[in-house]
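*Asks:* Guided by the hints, dock chain B onto chain A, whose structure is given.
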Amino acid sequence: MKSTTEPFKVTCKLLDGRVNTADGLFFLDSILYHAWFLKYAPGVISGTEREENCRLHFGLPLKQLSSNRYSASCGFYHDYGVQIEYWNKRPDWGKEIDYLDGGGKINSSSGTMRAYRMPQVIHTVGDIEFYGYGTISKIKDLLSYIPAVGKKPAAGWGAVAQWIVEPWPEDWSTWGKYGLMRPIPLDENIGHDLSGYVKRDCAIRPPAWKSCNQMPCYVPKVTA
Amino acid sequence: MDNKTYHIETVYGLKQPLSHIGESESTETFLNTVRVLSHGKPVEVFAYSGNAIRGAWRDCGAEYMLDRLGNIRVPKKAFHLLFTGGSISGEQKADIDAAKAMRTALPFVSIFGGGVGNQILSGKIAQTFAYPICAETVGIIPAGIPEIDYSAQQISWRKMTDEVSFTRKDDSKDYLGDKYIAKEGQMRLTSDTDKAKKSNEPATQMRYTVECLIPGVQLWHSLNITCNEVELGALVASITRWAERPYLGGMSGKGFGLVDAKFELVDSDGKRSPFMLVKDGTQALAEPAKEAKDQYDAQMQDLYNQYLDGNKESLVRLLEAGD
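Chains as they are written, first to last, in the numbering used here: chain A, 1146 to 1369; chain B, 2 to 324.
Don't read these hints as lab results, they were simulated from the structure.
All of these numbers come straight from a predicted model, not from anything done at the bench.
Yeah, the Cβ is synthetic: ideal placement off N, Cα and C, and Gly gets one too.
Please note: incorrect hints may appear among the correct ones.
[Stated by the list, open to error] Not everything, but these chain A residues come out facing chain B in the computed CB check (under 10 Å):
| hint | residue |
| --- | --- |
| 1 | Pro1187 |
| 2 | Ile1190 |
| 3 | Thr1193 |
| 4 | Gln1228 |
| 5 | Asp1237 |
| 6 | Leu1245 |
| 7 | Gly1249 |
| 8 | Met1258 |
| 9 | Pro1292 |
| 10 | Pro1298 |
Okay, chain A solo, but in the shape it has when bound (with noise of 0.2 Å):
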């Protein structure tokens, strides 16, 4: 049965509401693009495969728009307010002593074996609500793979209690409750006043952290 494409609503339910972003922006499609890899290439994603040699052919499943970017949102949640928390990485030289070849003197305050207590930007925050076009059903099946969102989940941040995907009567991915609903490149007309919108660099389609894919947007406000 060939499937369908149809705007969609996806709700991501925190296990316990914290989520560790400094930035507070989550983008479906980048969650969607990680969790294809981990689908059909997780040595792309462990290291160990590169991306070329996978034969495999890429593609989310969300309708394309102009730029080459999908239709999905950002997504927009009820912020509680922000802690600092910490993680510490203090090795403990003393206690594993036996297990160390030689002797001298290690700096653990400065240098490359230096103990650290860096601060995170966590977020207290209500369900995540995207909005997208797209086929629901392979959304649902890529979702699966995504047990947290935000920095630092082996640290015990961001884990996902449910990830809920329902049709949608409208698509919102562009524009839609919330206004602005994703970045949008300060040249593209979408036909509605932008000038209120933060401007900043920001990427339009994944993977984020390339620099080809970042442009100046204007920016949602995504935090109720």
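*Replies:* Only chain B this time, still in chain A's reference frame:
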């Protein structure tokens, strides 16, 4: 070897008070708290850091691996990678062959991750903090776990804490000092000014107080890992080594932190099956954990044999430079 996703949930039962410091004021330390969302309301609750759990397992896993490799000693850089995750210096690179070699040869490094040479190898664990079973974590802790005493969800975690005070005594000011501190003229290493200072200075002793969770409190923790069976074995081996001294938090030397723990595998339908058990100083592995650990042990034995065959340098180079 195929990757599979394992979801492991753990219920820790405190047998001693638990100290896990968030902030301190003067000589008093307070438990670490975070703001969680419970039933749509933000509330403050104690949380045991996921990074602390992972750090303890990493130390134990590194010990286990080096012991299995014939109790070898490693240079500083390799030590730093194994016990703390290492660091990178210089321009970061992506060396596919080195990453593959490292992940295959050392499943322990593959699951915990680290900076090897100039490359970051990502770890494979995603987890939560460990939360107490209490009123504030209703909605976070899953229902229907047989080990959990859900009646604790009627009580705030604030009523599950205690303050324990200690005295650090300056023994030089009592009869021990009189007896064992070198008297004037007996010890030439001490200068005259030092002697004068010592006899005049106040006692360096203090009373300090620690906020702790009380024994009997249960903590719930969850982790996800997508890995092959040997890597799962490396995780099991790390936890079994930790389970030989099953402590959470600080001050184990003062009677804090001893726990029992029950680890369960939870499948995608929510069905639970035993994985590991740590109780009253003993531990037991269920079949999936035992099989995975046996595979890991066999791989470590192979590596040890290669090491004995004169490949020590290549192993150390792999750990130090990642190639």
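*Asks:* Hint compliance check: list the failing hint numbers for this structure, sorted ascending.
*Replies:* Of the numbered hints given earlier, the structure breaks none, since each of them holds.
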